[in-house]
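S.K.: Take a look at the letters that make up each chain.
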Amino acid sequence: MFIQTSIEDHRIAKLAALAIALHMLEAVIPSPLPGVKPGIANIVTLYVLYKYDFASAAWVSILRVFASSLLLGQFLSPTFILSLAGALLSLGVLWLGMHLPKKHFGPVSLSILAAFAHIAGQLMIVRLWLIPHASVAYLVPIFAMAALFFGLINGIIAHKLLYNETSIIDTSPRSQQH
Amino acid sequence: MRIGDWCVVTTGIVLVVVLFQQLWSHEGATRVQIRLGDTIYGTYSLNQQRDIQVDGAIGPATVSIMNGKARFSKSPCHNQYCVHQGWLSRSGQAALCLPNQLSLELIGEAKHYDSLNY
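Protein chains in written order, with the numbering used here: chain A, 1 to 178; chain B, 1001 to 1118.
Careful: at least some of the hints might be erroneous.
[To be verified] With beta-carbon atoms standing in for the labels, derived distance ranges: (1) A:Leu71 - B:Met1066: 48 to 58 Å; (2) A:Phe54 - B:Asn1079: 53 to 63 Å; (3) A:Pro34 - B:Gly1086: 20 to 30 Å; (4) A:His133 - B:Asn1067: 56 to 66 Å; (5) B:Ser1045 - A:Ser77: 44 to 54 Å; (6) A:Ser31 - B:Phe1020: 18 to 28 Å; (7) B:Arg1002 - A:Ile29: 22 to 32 Å; (8) B:Thr1062 - A:Leu70: 55 to 65 Å; (9) B:Gln1101 - A:Met24: 47 to 57 Å; (10) B:Thr1011 - A:Ser77: 28 to 38 Å; (11) A:Phe54 - B:Gly1086: 46 to 56 Å; (12) B:Phe1020 - A:Val28: 27 to 37 Å; (13) A:Ser31 - B:Asn1079: 27 to 37 Å.
[What the hints assert, rightly or not] From the derived model, a few chain A residues whose C-beta atoms are all more than 12 Å from chain B: (14) Met24; (15) Leu33; (16) Pro34; (17) Gly35; (18) Lys51; (19) Gln74; (20) Leu130.
The hints are simulated quantities; they were obtained by calculation from the structure and are not laboratory data.
Think of the CB as a built atom: it goes at the ideal place given N, C-alpha and C, for glycine as much as any other residue.
Next up, chain B with everything else stripped away, as it sits in the complex (with noise of 0.2 Å):
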């Protein structure tokens, strides 16, 4: 290995390094939007522990926020993708429950890019 060489392999260490932390660095949300329909039902700090119940389009639906972190834990729908999709913890992050039509969105300091709504 020559000098070059060696400059290579640092600058392609560094340029790595820069990617992690350029493109992995997740912000983590503070608040969970909550949608139902085409209107805001709600905003939660995440900081709090609790359970929301929300009326949606079929029935009665569970949100739970805890440790920074905000999911559907009960829904009245037949597929339950929305329960199953688990816990939500960064910034942009979202679940939909399509039947009941009621949507979580986390929030964090900045807004972050979204291609579908911009």
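If we strip away everything but chain A, and leave its shape as in the complex, we get (with noise of 0.2 Å):
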């Protein structure tokens, strides 16, 4: 049996194994406080929706997070949930974003609100089921902002990325050919 493979696929293939490493990188950071973390695998997310689709960077952003749960041994545990339930937000709000005027929203603007349904999806998930509490309502304010910080940075970085003549991720189909 044979699966027949588009250029897209080794596309989303190869930036979903860069967002992968990227995520592997940031699970070796240690953090503060549990989920406040840089997020740097989705500048890759980010990346494609501008250069592709969100198609593929709904892909890239859903296989980041399944295959890196089960690097890290953490698939279906509490952490891949709230992985997956902030990624799921996210896309959703950048989905919506796309459609704000390119004119005056750049990829900072969306980065930056990706950033903030990440921890929304995640704050929900632990409010009502994992701390089912009213005193999670103090982390709020420090994971906004996290969130505003980091993603204004890879915003920021997506920008760079985007508009500099030199891409540094190189995706064209000649380097696939090994």
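Two independent chains are provided; combine them into the complex using the hints.
M.R.: Dropping the structure here:
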């Protein structure tokens, strides 16, 4: 049996691999508060959204969540559910954000909006399932601040990657002929 | 960065500031209520510095009030969790001593939502 793969599939796999690598890298960095992470893998999602289309970005994002959790041994654990909830909600917001006027809103806007959606999704899961207690509200401002900060930085990086002449991420078909 | 980006950043900053103000505005407490078993032993103002001796189920405990804060400073219980909890200063905070059947609860101007009994 042979599965036919298109150039698009290869591209998605390659970009997802990059996102997974960034996710792994980030898993090593200690965090003062569980959940406060830079989310550098989202730069790839944003890059794909702008360079290609929403479907590719969604594939890259979801593949990243599943593959990273398998690699880290967190598949179907609360961490995985949190990650998935954040990814799904931020994809939803990215889909809405795509329709904002391109003239005024760039990747920085989308990055910040997606980061807020990410923590909103995660905090909802935490509040409803993991820690069903009103005191979770105390964490909201910290997570929101982290989302704004890292969303801004990731957005700026994505912007730089997208609008510099020499792209760092090489996705041309030429390099896939190994 | 385009105009819309600046708007999103500004909105984000405003949102974070509002969240901090709304969710981190800890209301200071004004009184401490001491309970012994199922009865209210007494309610004391946090403005006066004093030590209160309470005879609990297993022996006398001391509750200290100082500078708007209250704590268990002495307890006959063996694990001393209540003493180690330290000073309480915010409305809604509580310290319990189960062996001695004593509890402290700080009360502010408005009683906070309490998930245990509402």
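S.K.: Given a hint of 56 to 66 Å, does the C-beta separation of histidine 133 of chain A and asparagine 1067 of chain B actually sit inside it?
M.R.: The hinted range 56 to 66 Å is violated for histidine 133 of chain A and asparagine 1067 of chain B, with Cβ atoms some 29 Å apart.
S.K.: Between the beta carbons of phenylalanine 1020 of chain B and valine 28 of chain A, is the distance compatible with 27 to 37 Å?
M.R.: 30 Å, holds
S.K.: Look at the Cβ atoms of serine 31 of chain A and asparagine 1079 of chain B and judge whether their distance stays inside 27 to 37 Å.
M.R.: Holds: the Cβ-Cβ distance is about 32 Å, inside 27 to 37 Å.
S.K.: With 12 Å as the threshold, tell me whether glutamine 74 of chain A passes as away from chain B on beta-carbon distances.
M.R.: 29 Å, holds
S.K.: Can you let me know if the beta-carbon spacing of phenylalanine 54 of chain A and asparagine 1079 of chain B is within 53 to 63 Å?
M.R.: 57 Å, holds
S.K.: Can we trust that leucine 130 of chain A is non-interface, i.e. its beta-carbon lies farther than 12 Å from all of chain B?
M.R.: 16 Å, holds
S.K.: If you check the beta carbons of serine 31 of chain A and phenylalanine 1020 of chain B, does the distance land in 18 to 28 Å?
M.R.: 20 Å, holds
S.K.: Check the following: the C-beta atoms of threonine 1062 of chain B and leucine 70 of chain A are separated by a distance inside 55 to 65 Å.
M.R.: 56 Å, holds
S.K.: So proline 34 of chain A supposedly isn't at the interface. Is its beta-carbon more than 12 Å from every beta-carbon in chain B?
M.R.: The claim holds: proline 34 of chain A sits with its nearest Cβ about 19 Å from chain B, beyond 12 Å.
S.K.: Is it true that the C-beta distance of serine 1045 of chain B to serine 77 of chain A lies inside 44 to 54 Å, as the hint says?
M.R.: 49 Å, holds
S.K.: Beyond 12 Å from every chain B Cβ: check whether that's true for methionine 24 of chain A.
M.R.: 28 Å, holds
S.K.: Determine whether the Cβ-Cβ distance between leucine 71 of chain A and methionine 1066 of chain B falls within the hinted range of 48 to 58 Å.
M.R.: 53 Å Cβ-Cβ, so the 48 to 58 Å window holds.
Consistency with the previously given hints fails for number 4 only.
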